[in-house]
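**Q** From first to last, the protein sequence lines stand for chains A and B. For any residue, its number in our numbering is found by taking its place in the first sequence, counting from 1, and adding 287. For any residue, its number in our numbering is found by taking its place in the second sequence, counting from 1, and adding 45.
Among the clues, some could well be false.
[As the list claims (entries may be wrong)] Simulated crosslink set (BS3-like; lysine-lysine; CA at most 27 Å straight-line):
1. A/LYS421 x B/LYS459
2. A/LYS421 x B/LYS529
3. A/LYS415 x A/LYS318
[What the hints assert, rightly or not] Restraint-style ranges between C-beta atoms, simulated for each label pair:
4. A/VAL520 x B/GLY463: 58 to 64 Å
5. A/HIS557 x B/ARG445: 46 to 52 Å
6. B/SER363 x A/GLN530: 46 to 52 Å
7. B/GLY463 x A/THR297: 39 to 45 Å
8. A/ALA424 x B/VAL394: 54 to 60 Å
9. A/THR297 x B/THR399: 49 to 55 Å
10. A/HIS557 x B/SER363: 51 to 57 Å
11. A/LYS360 x B/ALA355: 27 to 33 Å
12. A/GLU477 x B/GLY463: 43 to 49 Å
13. B/GLY433 x A/GLU349: 25 to 31 Å
14. B/ARG365 x A/GLU349: 29 to 35 Å
15. A/VAL351 x B/ALA355: 36 to 42 Å
16. B/GLY463 x A/GLU598: 57 to 63 Å
17. A/GLN514 x B/ALA355: 52 to 58 Å
Quick caveat, the hints were computed from the structure, so don't treat them as lab data. Built from N, CA and C at the ideal position, the CB exists for glycine as well.
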Amino acid sequence: MISVKHLSKTYHNTDGSTVTVLKDVNCEISKGEAISVIGGSGTGKSTFLRCLNLLDTPSSGEIVFEGENILQKGYPVHKLRQRMGMVFQEFNLFEHMTVLENIVLVPRLVLGLNEEEARSEAMYLLRKVGLAEKADAMPSSLSGGQKQRVAIARALAMHPEVILFDEPTSALDPTMVGEVLSVIRDLAREGMTLLLVTHQLKFAREISDRIFYMQDGVIFEEGTPQQIFENPVHSSTKAFVRQIRRAVFEVGSPDFDFQGMYSSLAQFCHKYNVSEKMSCVKKLCNAMLDGPMATHYPMTVRLSHSELTEESFLDFMVEKLDVSPLSDASEEFMSGLRSLTADIIEESTSRGFRVRLIL
Amino acid sequence: MLRRLIPLLSALILLSCSGKQAGQLELHGPEDLAGLRVAVTSGSYYDVIMTKRKDLASLSRYSTDIDALQAVVYGKADVYVNDEIAFTNELQEENGITIACREEVYFPISFAFRKDIRELCDSCNVFLARCMDDGTLDSLKTLWFKSKKGTKLIPPDPVFGRGKPIRIAVTTSLFPYSFQVNREWYGIEVDLMRLFAKSQGISLQFDIYDLSGATLALSKGLADIMTGAIFITPERMEQFDFCIPYHHCQPAYFVKAAGSGNANSLWARIKKDIYKSVIMEDRWRFITKGLAATVTITIFAIILGSILGAGLLTMLRSRRRWVRKTAEVYNFIMAGLPMLVFLLIMFYVVLVRTGLSPIAVAILAFALNFASGACGVYGKALGGIPSGQWDAALALGLTRGQAFWNIIVPQALKAGMGAFTSQCTGLLKGTSIVGYIAIQDLTRASDMIRSRTFDALVPLLIVSILYFVLAWLLGLLLKALVRKRIAK
Chain A
288 MISVKHLSKT YHNTDGSTVT VLKDVNCEIS KGEAISVIGG SGTGKSTFLR
338 CLNLLDTPSS GEIVFEGENI LQKGYPVHKL RQRMGMVFQE FNLFEHMTVL
388 ENIVLVPRLV LGLNEEEARS EAMYLLRKVG LAEKADAMPS SLSGGQKQRV
438 AIARALAMHP EVILFDEPTS ALDPTMVGEV LSVIRDLARE GMTLLLVTHQ
488 LKFAREISDR IFYMQDGVIF EEGTPQQIFE NPVHSSTKAF VRQIRRAVFE
538 VGSPDFDFQG MYSSLAQFCH KYNVSEKMSC VKKLCNAMLD GPMATHYPMT
588 VRLSHSELTE ESFLDFMVEK LDVSPLSDAS EEFMSGLRSL TADIIEESTS
638 RGFRVRLIL
Chain B
46 MLRRLIPLLS ALILLSCSGK QAGQLELHGP EDLAGLRVAV TSGSYYDVIM
96 TKRKDLASLS RYSTDIDALQ AVVYGKADVY VNDEIAFTNE LQEENGITIA
146 CREEVYFPIS FAFRKDIREL CDSCNVFLAR CMDDGTLDSL KTLWFKSKKG
196 TKLIPPDPVF GRGKPIRIAV TTSLFPYSFQ VNREWYGIEV DLMRLFAKSQ
246 GISLQFDIYD LSGATLALSK GLADIMTGAI FITPERMEQF DFCIPYHHCQ
296 PAYFVKAAGS GNANSLWARI KKDIYKSVIM EDRWRFITKG LAATVTITIF
346 AIILGSILGA GLLTMLRSRR RWVRKTAEVY NFIMAGLPML VFLLIMFYVV
396 LVRTGLSPIA VAILAFALNF ASGACGVYGK ALGGIPSGQW DAALALGLTR
446 GQAFWNIIVP QALKAGMGAF TSQCTGLLKG TSIVGYIAIQ DLTRASDMIR
496 SRTFDALVPL LIVSILYFVL AWLLGLLLKA LVRKRIAK
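Put together the whole structure using the sequences plus the hints.
**A** Given below as structure tokens:
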């Protein structure tokens with residue numbers, strides 16, 4: 288249905304600098320598929336979506352929709368958009384119109400429906416998203432979740448062949464996420480073709496036929512939810528789906544700003560609700576840096592925490608080293624270390640040697 | 046509305062009652078003016094003479110005779126120096142002023158002609174000479190200089206003539222020289238001009254200027270003859286051609302009369318003033334005519350200016366740098382130039398050769414100025430619409446035009462309405478300066494009435510109330526228009 292080849296998008300700032308958001312995006316989307324696009328912030332997910340309906344103009348590449356190249360000169364863009372609905376993070380309801388008017392305006396203008404047809408269709412859609420009661424309300428009187436459901440009804444009123452959801456729940460209070468997701472879930476079940484950019488990984492896994500993991504302006508990995516969430520090929524995909532958070536420090540010499548490092552680590556622990564692990568982290572760092580690591584500068588210290596599994600580990604990595612720094616450590620030191628950790632993994636990597644202390 | 050007007054009304058009435066009573070000044074000649082506050086009409090020959098004197102306490106220049114006289118009535122000046130015949134005995138009595146002394150000199154007064162119409166001036170000389178010989182001039186002088194104000198106004202015969210009319214710049218709308226009653230011009234100078242025009246077989250057109258405006262109008266070819274008791278002075282002879290004097294004028298010092306002050310009750314006085322300002326001689330016609338001019342200029346300037354403003358905004362957002370820069374420079378000029386100066390430049394310089402009527406010039410000038418303000422209002426209103434509204438409208442499949450008119454404009458209208466209304470009200474109030482280019486608008490109407498009644502309070506009050514009402518109606522009209530647009 289949609290075929291994307293070598294899509295790229297570069298923004299030109301007014302000061303002459305450029306930012307490349309999409310580098311080389313390739314994908315095929317078939318009719319009836321529900322696809323979730325996941326990835327960290329600033330990886331180009333939203334831009335990818337906005338390029339599909341040409342709200343942003345791609346810098347190069349090709350997008351074919353139902354056999355037609357939509358980037359050719361003179362292509363009627365508004366006709367394309369009538370067949371490709373979009374739901375935005377910020378809802379973007381027309382604030383000067385009632386809920387009902389929001390829904391009937393464009394079908395009347397563009398599809399040529401008469402008032403009666405448009406109205407009954409709109410009421411049907413409002414019932415579907417559970418907001419028939421609010422037909423005559425102004426958008427400003429609705430909650431965020433209600434606004435987003437109206438926005439979905441508005442998009443559906445055009446009978447689109449595809450709907451693009453651009454982070455539909457990111458601007459919502461946590462209490463209102465559920466009501467919007469359930470509407471999207473229903474659409475996916477009915478076989479609507481949809482592309483969903485989201486940070487709700489659990490939901491993406493549940494409703495999607497395929498997942499696109501985006502990183503650095505490309506679709507870094509794609510596959511079924513099972514592949515992506517259980518057997519990802521790339522370590523960064525794994526880190527992302529496991530929701531692993533990291534704090535990394537390049538320690539060059541004994542004169543490193545350890546005070547600064549400890550305060551950053553404390554902030555990190557606080558942010559991910561693991562403050563109780565901080566004293567242990569600090570003790571381990573002290574022991575390692577004063578003990579076996581003292582002769583291995585420069586090195587990298589990394590604290591990782593998975594929000595999914597609630598596991599945390601502290602890594603000490605030294606480049607171009609093939610024996611464990613712990614091999615010379617005394618038994619007394621090792622037993623002290625073991626008492627503070629759940630496990631100690633010493634492994635040689637492609638770049639050097641890593642000691643992982645699992646907390 | 047009314048509640049808002051009450052404080053204004055009371056303030057004006059209180060101000061008008063504050064004239065103090067004082068003994069009458071004793072003056073015997075020019076030397077006695079030393080140390081006094083003297084009023085003159087700006088640009089008059091007395092202005093020139095008094096400016097040379099260094100021993101006056103102060104010299105105030107007023108743009109019309111009426112203003113200068115009222116300065117004496119209200120105690121803002123001690124003496125007003127003008128022609129002896131400028132104010133009749135009856136007028137002096139009514140306003141509590143008197144002539145303290147007359148100077149023993151006589152100044153010739155006459156009509157000034159544009160330099161390049163020498164033949165017309167020559168034929169006027171022939172005409173005036175004939176009037177002196179056959180007694181026409183004497184009988185006119187008896188009629189106008191010796192009679193009482195407001196009596197014996199016989200409607201003059203209309204003057205029909207062929208070709209372009211002679212355009213007369215009347216510098217002072219004042220009895221007995223030239224003044225308007227019921228839209229018709231009267232006065233000794235008017236009579237003379239009519240007789241002259243008749244003898245030449247041409248028609249006439251009267252426009253009101255102040256003295257400096259008339260000088261400019263003559264030199265720019267916007268008028269042909271300047272009237273209004275013009276003194277023949279050497280400086281002026283360089284600028285204009287003069288015909289032979291029809292009269293010699295004696296300077297007089299007008300001062301406040303002893304024991305003057307109004308014995309009548311305040312209410313009786315106001316009633317009398319209202320009668321004088323509105324009903325007598327059908328003076329309300331000045332107001333209706335002025336109202337029509339003010340409303341015409343305001344409405345058309347708003348319509349034209351709104352359209353030009355949209356064009357200007359398009360230019361400001363153009364992709365071409367020079368187009369943007371042009372619009373920026375235009376806005377910069379409009380922001381820095383006083384409206385009156387701009388209006389005068391348009392009238393006397395830019396559009397002087399186009400033959401456009403003063404009303405058309407005013408509409409154009411105000412529209413050009415309004416465009417700049419409107420452009421700013423549009424820009425702010427449109428800029429305030431979140432870009433998400435565009436996204437949503439386009440994503441639904443509207444074209445850019447459909448999205449603009451159906452989604453963006455209604456919201457921008459709502460957001461920009463307040464600022465736009467105040468721009469419009471500003472324009473309405475701003476039109477009060479069009480009197481400078483010989484348009485009889487609402488403000489000028491009050492001047493015209495004042496020049497006949499010598500009462501400032503009532504006409505100014507009426508006119509200010511009318512401006513309030515106009516501004517209020519304008520606001521209502523705009524609100525109604527916007528409601529219609531949004532509801533659609």
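**Q** A/LYS421 and B/LYS459 were given as a pair; does the straight-line alpha-carbon distance stay at or below 27 Å?
**A** holds (23 Å)
**Q** Taking the CB of B/GLY433 and the CB of A/GLU349, does the distance hold inside 25 to 31 Å?
**A** holds (28 Å)
**Q** Does the hinted range 27 to 33 Å hold for A/LYS360 and B/ALA355 at CB?
**A** holds (29 Å)
**Q** If I claimed the Cβ atoms of A/ALA424 and B/VAL394 lie 54 to 60 Å apart, would that claim hold in this structure?
**A** holds (59 Å)
**Q** Range first: 49 to 55 Å. Now tell me if the beta carbons of A/THR297 and B/THR399 are that far apart.
**A** About 53 Å separates the Cβ atoms of A/THR297 and B/THR399, which means 49 to 55 Å holds.
**Q** Confirm or reject the claim that A/HIS557 and B/ARG445 have a C-beta distance inside 46 to 52 Å.
**A** holds (49 Å)
**Q** Assuming the hint says 36 to 42 Å, is it satisfied by the Cβ distance from A/VAL351 to B/ALA355 or not?
**A** At 40 Å between Cβs, range holds.
**Q** Please check whether A/GLN514 and B/ALA355 have a Cβ separation lying inside 52 to 58 Å.
**A** Given range 52 to 58 Å: holds, Cβ gap about 56 Å.
**Q** Kindly confirm whether 39 to 45 Å is satisfied by the beta carbon distance between B/GLY463 and A/THR297.
**A** holds (41 Å)
**Q** Mind checking the hinted window 46 to 52 Å against the Cβ distance between B/SER363 and A/GLN530?
**A** Since B/SER363 and A/GLN530 have Cβ atoms about 49 Å apart, the given range 46 to 52 Å holds.
**Q** CB of A/GLU477 to CB of B/GLY463, is that within 43 to 49 Å?
**A** With a Cβ separation near 47 Å, A/GLU477 and B/GLY463 satisfy 43 to 49 Å, so the hint holds.
**Q** Just to be sure I understand the hint, the distance between the Cβ atoms of A/HIS557 and B/SER363 should be within 51 to 57 Å; is that true here?
**A** Holds, since A/HIS557 and B/SER363 (Cβ atoms, about 52 Å apart) stay within the stated range.
Checked against the numbered hints given earlier, this structure breaks none of them.
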